[in-house]
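**Student:** So you can see what is in the structure, the chains are spelled out below.
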Amino acid sequence: MDIILGYVTTILVFFFTYNIFTLGLNIQFGYTGILNFTVITFMAIGGYVAGVLAMPKAAAGSGIYYILGLNLPWPIAALGGVLAAGLLGYLIGQIALKRLRSDYLAIVTLATGTLLYGLIGNGTSIFDGWQGLFNVPQPFAGFRTWTPLGYSIFFTIMTGVLFVLLWLFANRIYKSPLGRVMRAVRDDQDVVEAFGKNTFKVRMTAMVIGSMYVGIGGVLTIAYITALSPAGWTTGETFVVWAALLVGGRGNNFGAIVGSFLVAVVFNEATRYLPQIPAHPNLIPDIRYVLIGLAVILSVYFRPQGMFPEKKNTFLEVPLGDSSKAIEEHLAGGLSKVGEQ
Amino acid sequence: MSLFFLTLGFGLVTASVLSLLSVGLSLQFGVTNFVNFAYGSYLSAGMLFTWTFSAKLHFPFILAAACGVILTAILALIVNEVVFEPFAKRRKSIFYMLIVTFGLSLLLDSILQIFYGVGFEKFPIKQSTAIKIGPFDFTGVQLLIILVAVVSMVVIHLLLTRTSLGKKMRAMSDNPDLAKISGIDTKSVTRATWAISGALAGLGGVVLALNTVYFETTTGDSLLFVIFAAVILGGIGQTYGAMLGALVIGVVTEVSAVWVSSAYKTDVAFLILVVMLLVRPQGIIASQGKA
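Chains A and B are the protein sequences, given in the same order.
The first sequence maps to residues 6 to 346 in the working numbering.
The second sequence maps to residues 5 to 295 in the working numbering.
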């Protein structure tokens with residue numbers, strides 16, 4: 006029973022963190038139309054920075070090297086990780102969001118991802134290179150004496166609560182005037198510019214908020230696993246998030262949840278139990294990526310709006326002549342609709 | 005000073021490799037107007053196909069390389085027919101085209117990895133000895149790479165300026181709709197462009213593998229953004245700009261090894277890309293409405 010419960014909690018933490026990644030990408034791509042092709046790098050930066058802030062100084066002679074090691078309490082470390090992810094988003098935005106076609110941003114994100122992957126992997130002194138960080142302190146670990154299962158359950162609940170808060174916040178942004186401008190920028194940037202909005206600022210806001218979401222997911226990931234190495238954030242992982250968003254439905258946070266569940270949990274977990282072929286240890290992960298790549302291409306072709314399309318706003322159309330009746334009807338039937346939008 | 009000339013010589017070789025690759029990417033961007041993020045996979049495919057012909061089937065190397073290049077061109081054609089053509093028919097927005105090419109790169113890389121596995125390969129050819137030309141030291145292979153690149157650039161130049169296909173490609177690059185109503189068969193021009201782009205990717209992959217000796221399935225992807233840097237530097241969609249960009253990126257990244265560790269070569273390319281995007285995002289040779 007304990008084993009099953011432990012497994013379920015792990016899956017749930019996985020599900021919640023992937024949801025947070027997908028929400029972050031949804032704010033960037035779904036709301037604002039920003040192509041971020043290196044989602045997972047923000048997760049890594051958030052996780053790494055939170056890790057080195059919380060960990061004690063690297064012991065001399067242990068063969069393990071990392072920067073900082075400030076031994077800070079975890080809330081400050083976590084905040085630092087999230088801010089670092091936001092800062093990376095800000096820097097990338099500064100380079101590529103000004104007056105450029107979306108291809109350039111896509112190229113810059115991908116280039117930054119490749120670059121940081123190489124730098125962190127080869128630069129052993131930053132985050133211990135390809136080996137990565139381990140023994141990262143966990144939040145509330147010294148709060149009381151936990152059984153391993155008890156801690157897992159506690160962590161799952163904490164992640165779940167955080168996910169719900171972030172979900173509500175993402176929905177709040179969607180409905181807010183800022184969210185409306187974001188969607189307008191996505192649909193036609195020139196029109197929004199003609200209305201006197203600062204589209205660069207709007208896109209930058211979306212970029213930074215989205216990056217911080219992914220950063221939060223990264224902080225949770227490293228806190229739960231207590232380790233992170235470059236093998237855990239290859240380009241393929243970015244695809245998992247993209248596939249989740251596209252299959253679920255871009256611009257719709259409910260779709261993002263369903264997509265994360267289907268792609269990140271059901272699909273990833275289901276293929277994990279396929280029998281391993283000893284001569285080809287990479288065959289199963291490769292097949293998984295082939296299928297995820299196919300899922301992205303097919304879903305864009307057949308159903309670009311995803312399983313749960315974004316709800317379109319309905320507007321009151323007043324007919325010529327006697328309009329009072331139409332307005333009354335709209336108010337009577339439309340009130341419930343107004344709340345949903 | 006000798007170190008400077010040594011790195012400059014390497015720079016010219018790297019620039020030759022990059023010129024093939026960036027012209028292939030830039031030609032295709034000009035005609036189809038979307039960036040192909042799967043280009044790195046074509047490049048890897050070129051070197052791996054050649055490896056199959058040369059190491060497994062024991063073809064003479066030149067013949068193996070020719071087969072590899074042709075197969076890569078065919079791969080690019082098939083991908084265009086099966087994936088891009090249906091999307092173009094539906095007039096999907098550029099967002100989706102980029103996502104599709106991005107998804108395709110994962111797909112093709114994984115398929116290559118299933119067949120070729122992880123780990124490094126090497127062409128079964130002898131390493132040649134150095135030849136001194138003026139202040140430079142080149143190996144025979146390096147001279148061959150430079151020769152291949154120069155000949156290819158001349159051929160591309162003649163293709164674009166002297167042939168009807170080249171004129172049609174330039175017309176489509178300027179204005180695809182106008183080209184279409186002027187009676188140009190845009191579909192077959194697009195096909196020809198993909199074949200040329202694939203062939204250049206394959207050829208670039210083979211000479212890259214000759215230059216670095218060891219290669220693996222992800223070699224193409226790790227070089228992808230250096231190619232992007234060259235293309236953006238020259239002006240995206242500009243063929244001659246891409247040649248110029250390749251020359252600058254190739255020489256600067258190699259010569260930078262005089263001052264910084266050569267492990268940071270690609271970081272130098274990234275730095276050039278960033279500075280370029282901040283200062284002159286349209287590139288050295290700007291094209292109208294593409295930045």
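The set of hints was computed from the structure by calculation and includes no laboratory data.
Note that the Cβ used here is the ideal one computed from N, Cα and C, for glycine as well.
Honestly, I wouldn't trust all of these hints.
To be verified - Here chain B is said to cover these stretches of chain A; the calculated rule only asks that three of the stretch's residues, wherever they fall, bring their Cβ under 8 Å from a Cβ of chain B:
1) 19 to 32
2) 175 to 186
3) 200 to 206
Stated by the list, open to error - Label pairs and their in silico Cβ distance ranges:
4) B:Trp263 with A:Ala64: 32 to 42 Å
5) A:Gln136 with B:Ala134: 53 to 63 Å
6) A:Glu198 with B:Asp271: 46 to 56 Å
7) B:Leu61 with A:Thr276: 30 to 40 Å
8) B:Asn179 with A:Gln99: 46 to 56 Å
9) B:Phe119 with A:Glu198: 46 to 56 Å
10) B:Ser186 with A:Leu170: 22 to 32 Å
11) A:Pro80 with B:Ile288: 43 to 53 Å
12) A:Asn287 with B:Lys130: 30 to 40 Å
13) A:Asn287 with B:Asp141: 24 to 34 Å
14) B:Ser266 with A:Pro182: 44 to 54 Å
15) A:Asn287 with B:Ile82: 22 to 32 Å
16) A:Lys62 with B:Asp271: 42 to 52 Å
17) A:Ser329 with B:Ser186: 32 to 42 Å
**Student:** Look at the Cβ atoms of Phe119 (chain B) and Glu198 (chain A) and judge whether their distance stays inside 46 to 56 Å.
**Tutor:** Since the Cβ atoms of Phe119 (chain B) and Glu198 (chain A) sit about 48 Å apart, the hinted range of 46 to 56 Å holds.
**Student:** Within 42 to 52 Å: is that where the Cβ-Cβ distance between Lys62 (chain A) and Asp271 (chain B) falls?
**Tutor:** Check failed, 28 Å falls outside 42 to 52 Å.
**Student:** Trp263 (chain B) and Ala64 (chain A), beta-carbon distance inside 32 to 42 Å?
**Tutor:** 34 Å, holds
**Student:** When you take the CB atoms of Ser329 (chain A) and Ser186 (chain B), is the distance between them in 32 to 42 Å?
**Tutor:** With a Cβ separation near 56 Å, Ser329 (chain A) and Ser186 (chain B) fall outside 32 to 42 Å, so the hint is violated.
**Student:** Do the beta carbons of Leu61 (chain B) and Thr276 (chain A) sit within 30 to 40 Å of each other?
**Tutor:** Since Leu61 (chain B) and Thr276 (chain A) have Cβ atoms about 34 Å apart, the given range 30 to 40 Å holds.
**Student:** Quick one: are Asn287 (chain A) and Lys130 (chain B) within 30 to 40 Å, going by C-beta?
**Tutor:** Given about 32 Å between the Cβ atoms, the range holds.
**Student:** Looking only at beta-carbon atoms, does the pair Asn287 (chain A), Asp141 (chain B) fall within the given range of 24 to 34 Å?
**Tutor:** Violated: the Cβ-Cβ distance is about 40 Å, outside 24 to 34 Å.
**Student:** Given as covered by chain B, does the segment 200 to 206 of chain A meet the bar of three residues or more with CB within less than 8 Å?
**Tutor:** violated (count 0)
**Student:** The hint says 53 to 63 Å between Gln136 (chain A) and Ala134 (chain B); measuring C-beta to C-beta, is that right?
**Tutor:** Given a distance of about 38 Å, which is not inside 53 to 63 Å, the answer is violated.
**Student:** Are at least 3 residues of the segment 175 to 186 of chain A within less than 8 Å of chain B when you compare beta carbons?
**Tutor:** violated (count 0)
**Student:** Between the beta carbons of Ser186 (chain B) and Leu170 (chain A), is the distance compatible with 22 to 32 Å?
**Tutor:** With Cβ atoms ~58 Å apart, the hint is violated.
**Student:** For the pair Ser266 (chain B) and Pro182 (chain A), does the Cβ-Cβ distance stay inside 44 to 54 Å?
**Tutor:** 51 Å, holds
When the structure is compared with the earlier hints, violations turn up for hints 1, 2, 3, 5, 6, 8, 10, 13, 16 and 17 and for no others.
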